[in-house]
Amino acid sequence: MRATHFFLATLKEAPSDAEIISHKLMLRAGLIKRLAGGIYTWMPLGLRILRKVETIIREEMNRAGAIELLMPAVVPAELWQETSRWDMYGPELLRFKDRHQRDFVIGPTHEEVITDVARREIKSYRQLPLHLYQIQAKFRDEIRPRFGVMRGREFLMKDGYSFHASYEDLQREYQNMHLTYTRIFTRLGLSFRAVAADTGSIGGTGSHEFHVLADSGEDAIAFCPDSDYAANVELAEALAPVSLRAGHAEKMMKIATPGKIRCEDVAALLKAPVTRTVKAIAVMHDRQFFMLLIRGDHTLNEVKASKLPFLNPFRFASDEEVECHLGCRPGYIGPVGIRDGIPVIADRTVSQMSDFICGANEAGYHLTGVNWGRDLREPDYVFDIRNVVEGDPSPDGKGPLSICRGIEVGHIFQLRTKYSEAMKATFLDESGQSRAMEMGCYGIGVTRIVGAAIEQNHDERGIIFPHAIAPFEIAIAPVGYGKSQSVRDAANKLYAELKGAGLDVLIDDRDERPGAMFADLELIGIPHRVTIGERGLKEGTVEYQERREAVAIKVPIAEIGALVRERLGA
RNA sequence: CGGGGUGUAGCGCAGCCCGGUAGCGCGCCUGGUUUGGGACCAGGAUGUCGGAGGUUCGAAUCCUCUCACCCCGACCA
Numbered sequence: 000m001r002a003t004h005f006f007l008a009t010l011k012e013a014p015s016d017a018e019i020i021s022h023k024l025m026l027r028a029g030l031i032k033r034l035a036g037g038i039y040t041w042m043p044l045g046l047r048i049l050r051k052v053e054t055i056i057r058e059e060m061n062r063a064g065a066i067e068l069l070m071p072a073v074v075p076a077e078l079w080q081e082t083s084r085w086d087m088y089g090p091e092l093l094r095f096k097d098r099h100q101r102d103f104v105i106g107p108t109h110e111e112v113i114t115d116v117a118r119r120e121i122k123s124y125r126q127l128p129l130h131l132y133q134i135q136a137k138f139r140d141e142i143r144p145r146f147g148v149m150r151g152r153e154f155l156m157k158d159g160y161s162f163h164a165s166y167e168d169l170q171r172e173y174q175n176m177h178l179t180y181t182r183i184f185t186r187l188g189l190s191f192r193a194v195a196a197d198t199g200s201i202g203g204t205g206s207h208e209f210h211v212l213a214d215s216g217e218d219a220i221a222f223c224p225d226s227d228y229a230a231n232v233e234l235a236e237a238l239a240p241v242s243l244r245a246g247h248a249e250k251m252m253k254i255a256t257p258g259k260i261r262c263e264d265v266a267a268l269l270k271a272p273v274t275r276t277v278k279a280i281a282v283m284h285d286r287q288f289f290m291l292l293i294r295g296d297h298t299l300n301e302v303k304a305s306k307l308p309f310l311n312p313f314r315f316a317s318d319e320e321v322e323c324h325l326g327c328r329p330g331y332i333g334p335v336g337i338r339d340g341i342p343v344i345a346d347r348t349v350s351q352m353s354d355f356i357c358g359a360n361e362a363g364y365h366l367t368g369v370n371w372g373r374d375l376r377e378p379d380y381v382f383d384i385r386n387v388v389e390g391d392p393s394p395d396g397k398g399p400l401s402i403c404r405g406i407e408v409g410h411i412f413q414l415r416t417k418y419s420e421a422m423k424a425t426f427l428d429e430s431g432q433s434r435a436m437e438m439g440c441y442g443i444g445v446t447r448i449v450g451a452a453i454e455q456n457h458d459e460r461g462i463i464f465p466h467a468i469a470p471f472e473i474a475i476a477p478v479g480y481g482k483s484q485s486v487r488d489a490a491n492k493l494y495a496e497l498k499g500a501g502l503d504v505l506i507d508d509r510d511e512r513p514g515a516m517f518a519d520l521e522l523i524g525i526p527h528r529v530t531i532g533e534r535g536l537k538e539g540t541v542e543y544q545e546r547r548e549a550v551a552i553k554v555p556i557a558e559i560g561a562l563v564r565e566r567l568g569a
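Residue numbers (numbering that gives the first Met the number 0): 0 to 569.
These are computed hints drawn from the structure, not numbers from a lab. The structure presented is a predicted model; accordingly, all values stated were derived computationally and were not measured. Hints are supplied without guarantee of correctness; some may be wrong.
Within a straight-line C-alpha distance of at most 30 Å, the following computed DSSO-like cross-link-like pairs (lysine-lysine) qualify [said to hold, decoys possible]:
1. Lys498 / Lys537
2. Lys270 / Lys259
3. Lys397 / Lys306
4. Lys492 / Lys537
5. Lys96 / Lys122
6. Lys482 / Lys498
7. Lys32 / Lys11
8. Lys96 / Lys423
9. Lys482 / Lys492
10. Lys417 / Lys306
11. Lys32 / Lys96
12. Lys553 / Lys498
13. Lys553 / Lys482
14. Lys423 / Lys306
15. Lys537 / Lys11
16. Lys417 / Lys122
17. Lys270 / Lys250
18. Lys537 / Lys553
Could you build the full structure based on these sequences and the hints that come with them?
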């Protein structure tokens, strides 16, 4: 591609609303333009990247035996009503009426549509298994779109759905996809990790997320450096402490702690470690008031808590409700002396504590030396309701956990028969029995991958694209293109040679000054560059530089074509 | 939705407190000089100051309403 025939739209300064580095760089490099909140135009340069990502996904999906189709983005409401998701999904489902006042949605995901396809087409176990996928624009009316393409409202997604005659076959395909995703993200050149995940609102049983590792990631991942255990912290189990509750050594005492509401402050005032304090959290399920207890330095895991059957769903109690049930405002509440009708749910860690510190249910006072059994009744329930922290024992018993952050770019689920039962997607098995199909579902955030790749690969000059998804693999930078016939000839000759070898090559024939030209080529992340100038040509050399390297190497003009082709495998 | 903030030229911003004919840098156009790391000189174009209403002789500036966007909390690829 000749730069003068292409459309580069770089910016020296990033628009001020861009928050994270990948968003800023995508805007500055002219990959995307914002049209509305969370909605972006993919400019020609950005589209080239997107297409390369798509191609890799498509190749690997096909190789794994999946078959591509394309479903409509606009879906009639009846399908969503069949599975009750019309009512369950909430406001991020974009709904509208057509001219006949019929309800439609813009699909945020396509379980209903694909299940409808399956139930119409599949009658016999002989037609199974079947895995269909598409790469399509989705729309989710996110509460808060942010980080550019990372959490857009409209985004490109690869979503695949598989149908099986047995759970065993679903598990086989699930493993197949686990492997396929690993291959895809490896080919994309990303540093990633597969982690055990919560199944969320889509429902079903087994589930893994694929995360690109990046400090700016929105998810926290707990992993064990000594084994292959990795899980979203939403899911990672906090094991019960191995040591049993120590005997009590202190008498319970009421201490004035005016103005000290946070556990850290109370601990500091009493010169005690925070790990001796207990935090009480008041929640409501319907009309029932509950008290949750976690150690002062821990945080509540709302996903775990909401999985407790008697709490599902729960919400945090208002100040008024807390006062009504405990006679005290939040900040000084605790489990001692409360009514019998208030169930106390203690985290595993809390249930093993002794001589602990908690609120006294009286403004400005805490209790110290509190002990289960002696000063208050044993907790009504003991569950794992906290987030794991760095250093907690790994659930697989192989050493302490570490925590890192990731960007979720892929997610695989075993849906089982949730949708096939709701939509009567059945088949006849070998014995002529009608059975619901086992289903799996497999998503990849195509647009998000571009953001994640940049988040992971950039420096102060701009983007450094992995070869596999770079908009161009190599750039030719002629210095003095307009003025020097010899530079022009050498550049065009190399361009023709590399193009002929099948490389994606950009020749910067804009006749820009060298500084501007280099800055642009570096900003947009082209991984290799050949610089051709009169100075070098006089001694018969050109310069070759990898985007990641600090310096260029001189190469005899006669050898540059071969060298590039060798480096880029063409 | 709750809390905080911002809307002035394509992008980044000043001006607003204290009303008086809208500015700076980058970019853009023309001409010239330049040409190995975002050049220089000269000339030029570009704004319903987010929108509506109000106060005032006069509003970017004060008041009211509205819209959009951004940031912090509940969602997900």
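Checklist entry - Which of the listed hints are not met by the structure? => result Going through the list in order, the structure violates hints 5 and 15 and respects the others.
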